[in-house]
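Note that our numbering gives residue 130 to position 139 of the sequence shown, counting from 1, and the numbers run on in steps of one.
By construction, these hints were calculated from the structure, which means they are not laboratory data.
One thing to keep in mind: the hints can contain errors.
What the hints assert, rightly or not - Within a straight-line C-alpha distance of at most 20 Å, the following computed SDA-like cross-link-like pairs (lysine to any residue) qualify:
| no. | residue 1 | residue 2 |
| --- | --- | --- |
| 1 | Lys277 | Phe128 |
| 2 | Lys253 | Thr184 |
| 3 | Lys109 | Thr158 |
| 4 | Lys180 | Lys285 |
| 5 | Lys194 | Arg222 |
| 6 | Lys180 | Leu250 |
| 7 | Lys191 | Ile311 |
| 8 | Lys299 | Arg222 |
| 9 | Lys110 | Phe177 |
| 10 | Lys285 | Arg222 |
| 11 | Lys109 | Ser18 |
What the hints assert, rightly or not - Computed Cβ-Cβ distance ranges for the label pairs, DEER-style:
| no. | residue 1 | residue 2 | range |
| --- | --- | --- | --- |
| 12 | His157 | Lys299 | 42 to 52 Å |
| 13 | Ser296 | His255 | 21 to 31 Å |
| 14 | Arg193 | Lys109 | 20 to 30 Å |
| 15 | Gln65 | Pro178 | 50 to 60 Å |
| 16 | Lys299 | Arg193 | 13 to 23 Å |
Don't be surprised by glycine CBs; every beta carbon is placed ideally from N, CA and C.
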Amino acid sequence: MIRLLVTGGLGFIGSHFIEYMLEKYPSLHIVNLDAATYAGNPDNTESFRNNPSYRWIRGDIRSAEQIRQAFVDQIDGVVHFAAESHVDRSISTPDLFAETNVLGTLNLLEEARRHNVKKFVHVSTDEVYGSLGDDGFFTEQSPLAPNSPYAASKAGSDLLARSYYHTYGLPVIITRCSNNYGPRQFPEKLIPTIITRALKNRKIPIYGDGKNVRDWLHVTDHCRAVDLALRQGSPGEVYNIGGHNEMSNLKLAEYILDLLGKPHSLLEFVTDRLGHDNRYAIDPSKTQGELGWKPAIYLAEGLDSTVKWYVQSEEWLRRIESGEYRGGL
């Protein structure tokens, strides 16, 4: 793999992946196609933006023409992170999620097919499987049963990706991960919301009774798994990537408050989210067996380092809160 196209590389997971790949493979060239929406933060690329092996192209995957600009030079592989991903926003603007996640993925698949890319990794989510009860785990054979517009749009994009392998022979691999966390995650997500509000002694909203359970995956573990899927994964296959770190939202919030030395009284129960899934949990046995991957960062260690990063990153947070992070776009 000589030249890799990464979509959504200004975002949380995408920027970590580019950083990881450039450090691990010095001869690799990466083109980052990102529309620089509100969640695309140029500050996330500070460690590699001046690397001669990196280039950012501002482009929206909803535009086939803008995607073509990223394929002007030969692209050997694609790792597709770009997506609208916040469930609450999908409830209020489902059309945007359908356009970006479904139509955008179709545009990208089609251009990759025209250029005969050697590998296309479509990064998805465990939310496409729907909701679990108190027992059991999602496997790659679990039926798709999405319950939010976000999850439905990702399920639609997964099926398009699958079809391009079976119909056109495009070497597509689908990865489905559990909830990511780590440094540089946009403050609207649960863990940074808890941290940033606690630091200001502001109330922290907890949906419903807080008993909804998520399986947490450190972003660095996710990047390692996607790299392995890109290099060793079999076309046409799905690989689940889970952290083996289940915790209810309430216990998670309490744990973070304890790390910060803040009172649990900051927690405030609010009306539950529409269609709120009860539990997500992934069985990553296939990924471990075929790709030799397993999570290396336990939740206690990962949360501790993540909390410390936010505490020490006042300027990064201030630039987001003030909107200055978009000044250079």
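Hint-by-hint comparison with the structure:
1. Straight-line distance between C-alpha atoms of Lys277 and Phe128 comes to about 13 Å, which keeps the hinted pair within the 20 Å bound.
2. Our distance criterion of 20 Å between C-alpha atoms is met by Lys253 and Thr184, whose separation comes to about 14 Å.
3. For the proposed pair Lys109 and Thr158, the alpha carbon gap of about 16 Å is at most 20 Å, so the pair holds.
4. With a C-alpha separation of about 25 Å, the suggested pairing of Lys180 with Lys285 is violated against the 20 Å cut-off.
5. A hinted pair counts as satisfied when its Cα atoms are at most 20 Å apart, and Lys194 with Arg222 does not qualify at roughly 45 Å.
6. Of the supplied pair hints, the one linking Lys180 and Leu250 holds, its CA atoms being roughly 18 Å apart against a limit of 20 Å.
7. Distance hint between Lys191 and Ile311 is fulfilled; the C-alpha atoms sit about 15 Å from each other, no more than 20 Å.
8. Note on Lys299 and Arg222: the hinted pairing is violated, with a Cα-Cα distance of about 33 Å set against a maximum of 20 Å.
9. Proximity of Lys110 to Phe177 is assessed by CA-CA distance (about 29 Å); at most 20 Å being required, the pair is judged violated.
10. Between the alpha carbons of Lys285 and Arg222 the distance comes to roughly 16 Å, so the proposed pair stays at or under 20 Å and holds.
11. Between the alpha carbons of Lys109 and Ser18 the distance comes to roughly 17 Å, so the proposed pair stays at or under 20 Å and holds.
12. His157 and Lys299 have their C-beta atoms about 46 Å apart, which keeps the hinted 42 to 52 Å range intact.
13. For the hinted restraint 21 to 31 Å between Ser296 and His255, the CB-CB distance of approximately 22 Å keeps it satisfied.
14. A hinted range of 20 to 30 Å is violated for the C-beta pair Arg193 and Lys109, which are about 48 Å apart.
15. Our hint of 50 to 60 Å for Gln65 and Pro178 is violated, since their Cβ atoms are close to 38 Å apart.
16. In this structure the hint that Lys299 and Arg193 lie 13 to 23 Å apart at CB holds, the actual value being about 20 Å.
The structure shown violates the earlier hints numbered 4, 5, 8, 9, 14, 15.
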